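Asker: Sequence:
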Amino acid sequence: MLDVLIVGGGPVGLFLGCLLAQRGLSVQVLERRSEISGHSRAVGLHPPALELFERVGLADSAVAAGVSVPSGVLRGPGGVVGELGFAGVSERYPFVLILPQSQTEAMLEKRLAELVPGALRRGVEVQALKQSGEHISVTAQENGEDLQLQARFVVGADGRRSTIRSLLGVAFPGRTYPDTYLMGDFPDTTAYGDRALIYFVPGGVVESFPLPGQLRRWVAYTQAPRPDAQPADLTALVAERTGLHVPVNECRMLSAFETRRHLAATMVRGRAVLIGDAAHEVSPIGGQGMNLGWLDAAALAPLLEGAVTAKTLDSHPFAAFNRQRRHAARRAAGQAEINMYFGQPTSLNTLTLREAVFRALLHLRLAPKLADLFTMRWSLKESQKL
1 MLDVLIVGGG PVGLFLGCLL AQRGLSVQVL ERRSEISGHS RAVGLHPPAL ELFERVGLAD
61 SAVAAGVSVP SGVLRGPGGV VGELGFAGVS ERYPFVLILP QSQTEAMLEK RLAELVPGAL
121 RRGVEVQALK QSGEHISVTA QENGEDLQLQ ARFVVGADGR RSTIRSLLGV AFPGRTYPDT
181 YLMGDFPDTT AYGDRALIYF VPGGVVESFP LPGQLRRWVA YTQAPRPDAQ PADLTALVAE
241 RTGLHVPVNE CRMLSAFETR RHLAATMVRG RAVLIGDAAH EVSPIGGQGM NLGWLDAAAL
301 APLLEGAVTA KTLDSHPFAA FNRQRRHAAR RAAGQAEINM YFGQPTSLNT LTLREAVFRA
361 LLHLRLAPKL ADLFTMRWSL KESQKL
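Using my numbering, count along the sequence shown one by one with no gaps and you end on 386.
Just so you know, the hints here were simulated from the structure itself, not pulled from any lab data.
Computed from a prediction, not measured in an experiment: that's the story for all the values here.
Please note that a few of the clues may not be correct.
Derived pair list, reagent style SDA-like, types lysine to any residue, alpha-carbon separation capped at 20 Å [to be verified]:
| no. | residue 1 | residue 2 |
| --- | --- | --- |
| 1 | Lys369 | Arg359 |
| 2 | Lys130 | Leu147 |
| 3 | Lys369 | Leu84 |
| 4 | Lys130 | Arg152 |
| 5 | Lys369 | Arg92 |
| 6 | Lys311 | Glu134 |
| 7 | Lys130 | Arg41 |
| 8 | Lys130 | Leu313 |
Each pair of labels, with its calculated beta carbon distance range [as the list claims (entries may be wrong)]:
| no. | residue 1 | residue 2 | range |
| --- | --- | --- | --- |
| 9 | Pro212 | Glu142 | 31 to 39 Å |
| 10 | Phe342 | Gly193 | 21 to 29 Å |
| 11 | Glu91 | Gln150 | 41 to 49 Å |
| 12 | Val73 | Tyr341 | 16 to 24 Å |
| 13 | Ala356 | Pro117 | 52 to 60 Å |
| 14 | Gly270 | Gly123 | 51 to 59 Å |
| 15 | Val73 | Ile338 | 17 to 25 Å |
| 16 | Gly203 | Met1 | 55 to 63 Å |
| 17 | Glu250 | Glu134 | 53 to 61 Å |
| 18 | Ser166 | Gly213 | 36 to 44 Å |
| 19 | Asn143 | Gly270 | 41 to 49 Å |
| 20 | Ala319 | Gly133 | 14 to 22 Å |
| 21 | Val73 | Met1 | 52 to 60 Å |
Backbone N, C-alpha and C fix where the C-beta goes; we use that ideal spot for every residue, glycine too.
Work the whole structure out from these sequences, hints included.
Answerer: Put into structure tokens, the structure is as follows:
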């Protein structure tokens, strides 16, 4: 009988596994994939996430492996609008850390193996679960063989197509936005170094930030989905909207993506809990999704520890968790919508007005509050209320 069975061995599930292992709980993490994806995917670790990583002893390693971005430069039709600095958002981490998800997962997987050797089981697909009194029974397939597991609690951290959410019969209402983007990683040929860059232009926003290995990611708004896009399509958009040259023949990754918003009807059903993208999906513009999942895990870990040691299940802490984390997801989704709104194509007159608003905000005392908002300082404060 396990204390906690985590389904999903991505960054959120692995992080929760580390937190629970440190608390002395017996835990296993089941992952369908046989190995970590080489795709860089989510890359932004906000200061609250780094503070959480201190709890599992990974903050220093993450900072050493990534690129620390101290500020973002905003440009508009009239040139440089201003620079948003992160110096005041955290004493220890006054920056946004850029680290490819594959490297983050590898660090978390190694740390979990140090805490509980063999806790991560790859090549496992969950097929059924049944709640009965004081535990949950899980049926799975591991390399073609039947597998039966029992745990006091099951946590679904298995992404937006969550099997656990489906088996629990939890609705996942939401919608797909009309906003679409094209992104790619290339050698960094700019003079911006460790700073992020945002261009607001009539054709749509272009964002850029550094990656480890002297690379830089470019993200450009597209008028329609571009699933068949080539590197030249992205570099042409960048050149047209920014005037900057990107070496088209040295593209390391290219991806077209849509943006969506979904929220599970509940994150808790009996002894099963949903976290991360299994519970909520927000637009990746602003880099909040993965960080939001880690905050879910940090809020859930002490509740699971208390529930495992209790004689009877007290549902009240889990009800509070459900309310607070769903509220945080709604707020993050709203913030992402604002980010997308300002990056949509518009007229030059409207852009000029927005430019004036941003310039005023960045040169007034509101700049620190904007930095707090962007780096999700609010979400860490909310998770600490539980």
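Asker: Tell me the hint numbers this structure goes against, listed in increasing order.
Answerer: The structure breaks hints 7, 14 and 19; every other hint is satisfied.
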